[in-house]
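Listed below, chain by chain, are the residues.
Number of protein chains: 2
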Amino acid sequence: MSLDLRVYLVLDPAHTGGRSPLEVAEAALRGGVTVVQLRWKVGPLREMLRWGAALRELCRRYRVPLLINDRADVALALEADGVHVGQEDLPPEVARRLLGPRALIGVSARTPEQAQAAEAAGADYLGTGSVFPTGSKEGARLIGLEGLRTVARATRLPVVAIGGVNAENAAACIQAGAAGVAVISAITQAPDPEAAARALRRAVDEALAARRLEG
Amino acid sequence: MSLDLRVYLVLDPAHTGGRSPLEVAEAALRGGVTVVQLRWKVGPLREMLRWGAALRELCRRYRVPLLINDRADVALALEADGVHVGQEDLPPEVARRLLGPRALIGVSARTPEQAQAAEAAGADYLGTGSVFPTGSKEGARLIGLEGLRTVARATRLPVVAIGGVNAENAAACIQAGAAGVAVISAITQAPDPEAAARALRRAVDEALAARRLEG
Chain U
1 MSLDLRVYLV
11 LDPAHTGGRS
21 PLEVAEAALR
31 GGVTVVQLRW
41 KVGPLREMLR
51 WGAALRELCR
61 RYRVPLLIND
71 RADVALALEA
81 DGVHVGQEDL
91 PPEVARRLLG
101 PRALIGVSAR
111 TPEQAQAAEA
121 AGADYLGTGS
131 VFPTGSKEGA
141 RLIGLEGLRT
151 VARATRLPVV
161 AIGGVNAENA
171 AACIQAGAAG
181 VAVISAITQA
191 PDPEAAARAL
201 RRAVDEALAA
211 RRLEG
Chain V
1 MSLDLRVYLV
11 LDPAHTGGRS
21 PLEVAEAALR
31 GGVTVVQLRW
41 KVGPLREMLR
51 WGAALRELCR
61 RYRVPLLIND
71 RADVALALEA
81 DGVHVGQEDL
91 PPEVARRLLG
101 PRALIGVSAR
111 TPEQAQAAEA
121 AGADYLGTGS
131 VFPTGSKEGA
141 RLIGLEGLRT
151 VARATRLPVV
161 AIGGVNAENA
171 AACIQAGAAG
181 VAVISAITQA
191 PDPEAAARAL
201 RRAVDEALAA
211 RRLEG
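Sequences listed follow chains U and V, in order.
Heads up: the first sequence begins at 1 in UniProt numbering, then just goes up one per residue.
Heads up: the second sequence begins at 1 in UniProt numbering, then just goes up one per residue.
Be aware that a few hints might be false.
As the list makes no split between identical chains, a pair holds if one copy fits it or if it spans any two.
[Said to hold, decoys possible] Dumping the calculated SDA-like pairs for lysine to any residue here, alpha-carbon to alpha-carbon at most 20 Å:
id	residue 1	residue 2
1	Lys41	Leu22
2	Lys41	Glu88
3	Lys41	Pro91
4	Lys41	Gln87
No lab work stands behind these hints, which were simulated from the structure alone.
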């Protein structure tokens with residue numbers, strides 16, 4: 001599946017503001033999200049599997065790749081399109097070996113060294129941040145737009161900016177070299193997730209168009 | 001790899017009484033442990049992978065299977081012999097699909113219904129408990145020796161008794177139909193893990209011999 005990172009939704013079904021996570025996901029897909037990552041940190045895995053199967057069908061209908069956070073076995077079980085792994089998770093080369101050459105494998109990388117290591121290990125894209133302060137991931141260290149720019153320049157891989165990104169600051173991330181923006185609460189906690197996704201998509205599309213004109 | 005469940009060590013490297021988990025594992029293997037399960041609930045996965053690779057080599061030297069708790073991807077990454085899954089973990093049929101026909105797959109089953117479902121799903125053995133009260137797993141519900149007997153009678157699969165088992169009560173588990181006993185703290189928190197493993201092995205071997213004579 002081709003990789004369009006413009007608006008990358010990280011979905012934790014435990015954090016959708018009390019609403020059905022599938023409804024939030026579908027609203028976000030209607031609004032123009034281009035990737036969905038399923039993250040599940042607590043609770044029974046069986047519940048994630050049931051729920052993930054429904055999410056996979058939804059993503060297929062919208063032709064949007066579904067990635068699983070960290071667990072390659074869950075990605076295999078769900079026939080998801082790939083995994084996203086952190087620096088302390090399953091190594092990307094192991095994920096590649098388990099999931100095969102066509103899987104999408106993303107790696108969190110906050111420094112040029114991590115970016116180059118992930119590229120050498122066969123990653124398809126990088127998740128880079130936290131660009132801005134965020135309440136979704138406590139203890140996340142800030143790298144700012146300058147850190148994002150540094151990582152984006154250090155790799156040939158597309159980079160998705162994460163951490164406190166919203167429709168107002170998304171353009172700055174694209175200008176700093178990101179191929180897209182990843183969000184959690186900017187969509188899942190929004191009063192209208194579809195409108196929130198659409199606003200992000202518009203901001204990213206406009207910034208990408210402007211970058212192409214400048215380039 | 002053949003399945004000898006007589007003394008089944010569940011090893012959580014975070015709970016070895018401040019001692020090197022590899023040293024505790026090797027002492028337990030010298031003492032006669034016949035299966036090792038690696039359980040890892042907190043901390044970076046990369047650390048488990050480094051540590052698990054050393055444990056796998058150790059288990060191979062002793063010709064004892066190494067199973068991974070819950071994560072089939074970690075079992076694949078470590079080339080472990082299989083996985084053990086709970087009722088809320090990865091379904092055994094999914095583990096079988098991911099790991100192949102030769103992998104060892106164990107399932108926690110505390111009722112005849114769970115035992116029969118696990119058998120139908122292709123499990124190789126069952127872990128059944130908690131037989132006795134235990135401090136290692138808080139909130140574990142007791143089934144007692146009667147519950148163990150009920151499960152063992154309901155399935156053709158070998159059953160390993162877990163929960164508060166020690167050298168004193170191991171024989172009662174075998175008499176109730178278990179093929180072996182699984183322990184955590186009885187070995188890992190023992191002043192002398194090798195002696196603790198040896199005492200468990202002796203108790204199980206004597207009880208199995210007595211059962212054969214009676215049978």
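Do the hints match the structure? See the list:
1. Taking CA atoms no more than 20 Å apart as the test, Lys41 paired with Leu22 passes inside one copy only; the shortest distance there is 17 Å, against 28 Å between copies.
2. Taking CA atoms no more than 20 Å apart as the test, Lys41 paired with Glu88 passes in both settings, with 15 Å inside one copy and 14 Å between copies.
3. For the identical chains of this complex, Lys41 and Pro91 are neighbours both inside a copy (18 Å) and across copies (18 Å), given an alpha-carbon limit of 20 Å.
4. For the homomeric pair Lys41 and Gln87, the shortest alpha-carbon distances inside one copy (16 Å) and between copies (18 Å) are both at most 20 Å.
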